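Trainee: Below, each chain spelled out in residue letters.
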Amino acid sequence: MYHKSRFAAALAAVGCIGLAGCAAQPKEGSAGANAATLSVKGSDTMVQLAQAWAEAFMKAHPDVRVSVTGGGSNTGFTALISKGADIANASRAIKPEEAESAAKKGVTPKEFVVAQDALSIIVNKANPVTELTMDQLKDIYTAKVTNWKDVGGSDAPIVLNARESSSGTSTFFQEHVLGKGTPYAATAMLQPATSQIVSGVGQDAGAIGYVGLGYLNDTVKAILLKKDAGSDAVAPTVANVVNGTYLLARPLFEYTNGEPSGTAKVWLDWVRGPEGQAIVKKLDFVPAE
Amino acid sequence: MTPAVDPGVAPGPSLGVGSRSRAHRGQTFAFGALGFGTMLIVAPVLWFFGYVVYHGASQISWTFLTQPPNAIDASGGIFPAIVGTLYLMVGTVLIAMPLGIAGAIYLTEYAGHSPIVRLIRLAIVNLAGVPSIVHGLFGLGFFVLFVGGSIDAFVLHASRPVWGQPCILWGCCTLAVVILPIIITSTEEALLAVPSSFREASLGLGATKWHTIRRVVLPAALPGVLTGAILGVGRAAGETAPVMITCAASFMPTLPRGLNDQAMLLPYHLYFVVTQVPNPSLGLQSGIALVLIALVISINASGIFLRMRARRARKW
Amino acid sequence: MASPKRGFKERAVEGVVFSGGMASIVLVVLIFLFVLKEAMPLLREYPLIRFLTDRGWQPTLAAPEGPWFGLMPNLWGSFLVTAGAVALSVPLALSTAIFTSEVAPGWLRDMLKPLVELLASVPSVAIGFVGAVAINPLVKDLFGLDTGKSAMAGSIMLAFMAAPTIATIAEDAINAVPRSFRDGSLALGATRWQGIASIVLPAAKPGILAAVMLGVGRAVGETMVVIMVTGNAGVLPDKGLWYAFTHSVRTITGTIGAEALEVANGEPHYRALFMLGVVLFTITFILNAIAHYSLGKGDRRAQA
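Those sequence lines, one after another, are chains A, B and C. If you're matching positions, the first sequence starts at 1 in this note's numbering and goes up one per residue. If you're matching positions, the second sequence starts at 1001 in this note's numbering and goes up one per residue. If you're matching positions, the third sequence starts at 2001 in this note's numbering and goes up one per residue.
Worth flagging that the hints you see were computed from the coordinates, not collected in a lab. Predicted, not measured: the structure shown is a model, and the values here were computed from it. Every residue gets a Cβ at the ideal spot worked out from N, C-alpha and C, and that includes glycine. It is possible that some hints are incorrect.
[To be verified] Below, computed lysine-lysine pairings styled on DSS-like, alpha-carbon distance capped at 27 Å:
id: 1; chain 1: A; residue 1: K104; chain 2: C; residue 2: K2037
id: 2; chain 1: B; residue 1: K1209; chain 2: C; residue 2: K2009
id: 3; chain 1: A; residue 1: K125; chain 2: A; residue 2: K104
id: 4; chain 1: C; residue 1: K2239; chain 2: A; residue 2: K144
id: 5; chain 1: C; residue 1: K2239; chain 2: A; residue 2: K138
id: 6; chain 1: A; residue 1: K95; chain 2: A; residue 2: K59
id: 7; chain 1: C; residue 1: K2113; chain 2: C; residue 2: K2205
[As the list claims (entries may be wrong)] Covered, in the sense of this in silico footprint (three residues per stretch, anywhere, with C-beta under 8 Å from a C-beta of chain A), are these stretches of chain C:
id: 8; segment: 2077-2083
id: 9; segment: 2149-2163
[Claimed, not checked] Label pairs and their in silico Cβ distance ranges:
id: 10; chain 1: B; residue 1: F1146; chain 2: C; residue 2: L2043; range: 19 to 25 Å
id: 11; chain 1: B; residue 1: F1146; chain 2: A; residue 2: E259; range: 31 to 37 Å
id: 12; chain 1: B; residue 1: P1115; chain 2: C; residue 2: G2106; range: 41 to 47 Å
id: 13; chain 1: B; residue 1: A1043; chain 2: A; residue 2: K105; range: 55 to 61 Å
id: 14; chain 1: A; residue 1: S154; chain 2: C; residue 2: R2044; range: 49 to 55 Å
id: 15; chain 1: B; residue 1: V1053; chain 2: A; residue 2: A126; range: 45 to 51 Å
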């Protein structure tokens, strides 16, 4: 029976530790933006970038603890509005509905461009097609065109890869390529995360997909985009984003609740400063300016 | 593989012998087909393990097991994911064990044959069959938003979520619901295996019912009870869907600091690396899968082994 | 120890274990009610008839008529993947069950049984990972498909997840058939196989049915594997069964798993995912109830 009481004691001890942990936590959490913790939530596109920032930032500011969570741009805004995050990452601008529900809860989202990206259209390396117009791209993703031969390729069916509908990337693509309110073709495979698109396009000869610059590798080929049949074909590169010629360049945002102060301000200044922007370059994104 | 078949027997003139040998040929064919069907299950299983080991083994190193992952490409190690999974295993079993053991004691020692018992059994079967993603939805809706949200709103009056967000505690609660049927079923089996003469002897000596259960029945059933706990822990360690929306973080700069912190978890880390991290190497993915499979299988194998020994070692 | 005190303690203990026993019922009811409660407000903004008949799942569409939350493509995908998995796994799993319990010599049985049990415990995310990196390309090349991310790949992977469930429970059912049934048929001059086919299997039928139902439940409720290998395209069949089977589908579980992380609490999309959860819970509840009652019937028959 000694065993049993010892087990009970161990249980109680674990319980106490747990409770102590809980008791300590609320204070830390409710201290607001001036506390030495910073919670960054949102866009999956930016999650690696934000993690890299967090790592370097915490080396420069050992007294601050930055936690980064992905989950998508939607999640970021939701968390910002419910005050579950200090910073919301987003690969799209805030929607009017979101701004409205923020206002209802007394939150005033303030927007900062922290980096840029070229949303790159990728196909399998074996695909002879090298460029597409925006209209062709739209026809492909709305299944008006379902064979590569109709856009100058070989006779093979097109396999559509897109992102899950609630991701900011998916929303951006929908608004800028398909047109707001135009649905993706039902046959589009909606992948939960970007790496799935890259591996799918690498596997399937007839596949097409869209990913951020940082995901390009040698199993896929980035397509050059043209505004229409007569205009120049532009590659998704850092230079073409900077000079404004690439059609699917997109800003990446961080949002705060009101004018940032305290740790959030230090963070945003650092992120937009030389050190933060060096990391942007290192991860194959495009600097904010 | 097919005994009792005599291939040398020629079909005789009598109808009886002819149909007998036809029947034997039928048996040979049927047993061959069954063996082939079994092969079709076994061979891919062996290939599966071979695949993961072949691609993942070279990844395993002391560094891999003890270092955090690199924030950018998840290379490096998986230490925080291992720690998070251990936290969740312990927490889950601490919640599920008392509940499951109490439930099993009720079913075997108190309930008798009342209609409510039939209802409880139906509930256990259904609880075991609830899809893991529905457990996740329940965990999100009930534990995180309802219970956690209520604590924040009415107890702490917190201006920002403290408990009303995915965290270790709610992950443990959700997983405890997932493994509860396993614990009840194993414990019940163990309790039923304790002969009623034990109980009668104890009661006959004047002990109360609870005293009998605590001092006689439970100790005798202990190996079986532990088996249930171990199998439950094994299940908890490998589940992704329920914790993906109630607990898991894709990356954390430090280890979790409290029950209301999120945690990195091995199964979710594998999912995250496979689907999200840019250009992960096959070795890295397989290495994580290998550690996860090794962890879960060794837990389960020890549970199965313990159960076998407990069944054989019964002295009554 | 005074006796009233002891009586109190006894009653307290009884109360505690009774609540432990009731926990399962409470939890099942709570799960259903909570998922339902979170789902119901959807119907205020999105009529049930549209949920049941809309042909598309476009939960963030900014169209004038609002987003589409169509159950049908999800249900169809779940059905197709599960049907394929059942067609593959039932014959193989039953073969395994019969082979292990009736045919295999002792040493082989001792190897096969733990192997099947270990397969049952492999985390689904690991199976999904191997499916995505190895089985998708394999399926594509074997059948000359445009992409390996298909219902077929999902069915193959789910077959391996359902097989151990089916095999283990079916084997228990076969083992529960009394020895005397077999001896009787052998004594009548039948071969062992004739005995198995005409006496043992019919006697074990309720248990085998339960095994299949639980296997179906496992397949229809599996999430991580289908997210990773089926491609998640929300289509309805319009070009025949084989075409559908060899192309991408979207399942109920896949939709919930992929989107639950990204929805904002309380918005219609969040409600719609819970509504899918209600559908899924109902399907598995029916399957489990059938399994439970057919097992009960088997027990009674064995006792009789």
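Trainee: Counting residues of the segment 2077-2083 of chain C that have a beta-carbon nearer than 8 Å to any beta-carbon of chain A, does the count reach 3?
Mentor: Coverage by chain A is violated for the segment 2077-2083 of chain C (0 residues, Cβ < 8 Å).
Trainee: Has the given pair, C/K2239 with A/K138, been kept, meaning a C-alpha gap of at most 27 Å?
Mentor: holds, 24 Å
Trainee: Honestly, do B/F1146 and C/L2043 meet the 19 to 25 Å range at C-beta?
Mentor: With a Cβ separation near 20 Å, B/F1146 and C/L2043 satisfy 19 to 25 Å, so the hint holds.
Trainee: C/K2113 and C/K2205: Cα distance at most 27 Å?
Mentor: Given that 27 Å is the threshold and the Cα spacing comes to 21 Å, the pair holds.
Trainee: Could you tell me whether the CB distance from B/P1115 to C/G2106 stays inside 41 to 47 Å?
Mentor: holds, 42 Å
Trainee: Is it true that the CA of A/K125 sits at most 27 Å from the CA of A/K104?
Mentor: violated, 49 Å
Trainee: Take the C-beta atom of A/S154 and the C-beta atom of C/R2044, compute their distance, and say whether it sits inside 49 to 55 Å.
Mentor: At 50 Å between Cβs, range holds.
Trainee: Taking a Cβ-Cβ distance under 8 Å as contact, does the segment 2149-2163 of chain C have three or more residues in contact with chain A?
Mentor: Our answer is that it is violated, as 1 residues pass the Cβ test (under 8 Å) against chain A, missing three.
Trainee: Taking the Cβ atom of B/F1146 and the Cβ atom of A/E259, is their distance within the range 31 to 37 Å?
Mentor: holds, 34 Å
Trainee: Check whether the Cα positions of A/K95 and A/K59 lie no farther apart than 27 Å.
Mentor: Measuring from Cα to Cα gives roughly 35 Å; hence the hint is violated.
Trainee: Can the restraint linking C/K2239 and A/K144 be considered satisfied, given a maximum Cα separation of 27 Å?
Mentor: Holds: C/K2239 and A/K144 sit about 17 Å apart, inside 27 Å.
Trainee: CB of B/A1043 to CB of A/K105, is that within 55 to 61 Å?
Mentor: With Cβ atoms ~58 Å apart, the hint holds.
Violation of the numbered hints given earlier is confined to hints 3, 6, 8, 9 and 15; the remaining hints are satisfied by the structure.
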